[in-house]
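Asker: The residues making up each chain are set out below.
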Amino acid sequence: MNALTKRRSLIVLLVLVAITLGYLALDSAADNGSAYRASTAVTVIAICLALIKVRLIFREFMQVKNAPTVLRRLTDLWVLLIGATLLGSYFLGLAVH
Amino acid sequence: MTGMAPAPQPETDAPKPAGHIPGQPDMWVLVLFEALVFTAYFAVYLFHRSASSELFLRSQADLNPWLGTLDTVLLLTSSMFMLRCVQAARAGAVRTAMTNVCLTAALGVAFLASKITEWILLTRDGHGFTSNEFFLYYFFLTGIHLLHLLIGFITLGVIIYQLRNPKRRSQEIVETCATYWHTVDLLWILIFSLLYVVR
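As they're listed, the protein sequences go chains A and B. Residues in the first sequence are numbered from 1 upward in steps of one, following the working numbering. Residues in the second sequence are numbered from 1001 upward in steps of one, following the working numbering.
A portion of the hints provided could be inaccurate.
For lysine-lysine, the following DSSO-like pairs were computed, each having C-alpha atoms within a straight-line distance of at most 30 angstroms [unchecked claim]:
#1 Lys6/A / Lys1167/B
#2 Lys65/A / Lys6/A
#3 Lys1115/B / Lys6/A
These aren't lab readings, by the way, just hints derived from the structure by calculation.
If we strip away everything but chain A, and leave its shape as in the complex, we get (with noise of 0.2 angstroms):
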C-alpha cells in the first residue's frame, strides 16, 4: 500500500464524513430551535446525499471502480432504483395521506 492510495482513501473518508457532518446543518437549517418541523427539500437532499455516500463506498472502498462493466453498472442501477423506491414512497405517502 503506498502513499497515494492511502491518501486517496483518506480524501474519500474525508468527503463521506464532510456530507456526514453536512446533515446536523441541514437539519438545524430546516428546525425551528428543538422543534422538528416536516420539510420535503430537507428529506429529498438528504436522500440524495445518502445515495451519493453509497455510490462513493460502492466505486472507492468496495473497488467497484476497478470491477467488470457489468458490476459496475448492476450497483449504479441499484442506487438509482433505492433512489426511485425511496423518493417515489415519500411522495406517495404525501399523496395518498
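Keeping the supplied structure of chain A fixed, place chain B upon it in accordance with the hints.
Answerer: Frame of chain A; chain B shown alone:
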C-alpha cells in the same frame, strides 16, 4: 475461489487487471439481494412516515443526532481501514493488513457500544419496540442492522484467520469478507439518513 496465495509478494500497489471482481461473485449477489430487502423496509417506513408526520417528527426529536453521526463516522472509518487491509493483503503486506483489520474490528466494537448505549438511553426514557410506530421502525431497523454487524465480526475473524495462515491465505476470501463489511456500512448510511435526518 482463486485459492492459495502463499508466496509473499513485494509490497507494491500494482493495480488489479481491469475487470477484477472484488471477492466472490456469490457475495455480490447476496449484497445486492440484501440491499433490495432493506430497500423494501425503507419504502414501507417512508410511506408510513408520510402518514403520521407529526408523530414521527416528535419521536425523532428524542433521538440524539450527534450519537447517530458518531456511529456513521465510526463505520465509515472502519470501511476505510478495511479497504487498506484488502490493499495491503493484495500487496503481500500481511502485518499491515492485520493492523488494519484489527482497527476495523475496534471501530466496529465502538459502533456496537454506541448503539447499545443509545438503546439503553432511549429505553430509560420510556421508548421501546411498542411505544409507537416510529420506535417500532427504529428498533427494527437498528436491530436488524446490528445483527448484520455481528455477522460482520465473523467475517473479520475469517480475514484474521486467513492472514495468520500463509498456507491457507486466499485474497479472494479476504475481499469477499471485506465486501460484506462494507455492506454493513452502506446499509447504516441509509438507515441513519432515514431515521435521523429526513424530516
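Asker: Now, for every hint given, state plainly whether the structure supports it.
Answerer: Against the structure, the hints:
Between the alpha carbons of Lys6/A and Lys1167/B the distance comes to roughly 28 angstroms, so the proposed pair stays at or under 30 angstroms and holds. With a CA separation close to 16 angstroms, the supplied pair Lys65/A and Lys6/A stays within the 30 angstroms bound. Restraint check for Lys1115/B and Lys6/A: the C-alpha separation of about 29 angstroms stays at or below 30 angstroms, so the hint holds.
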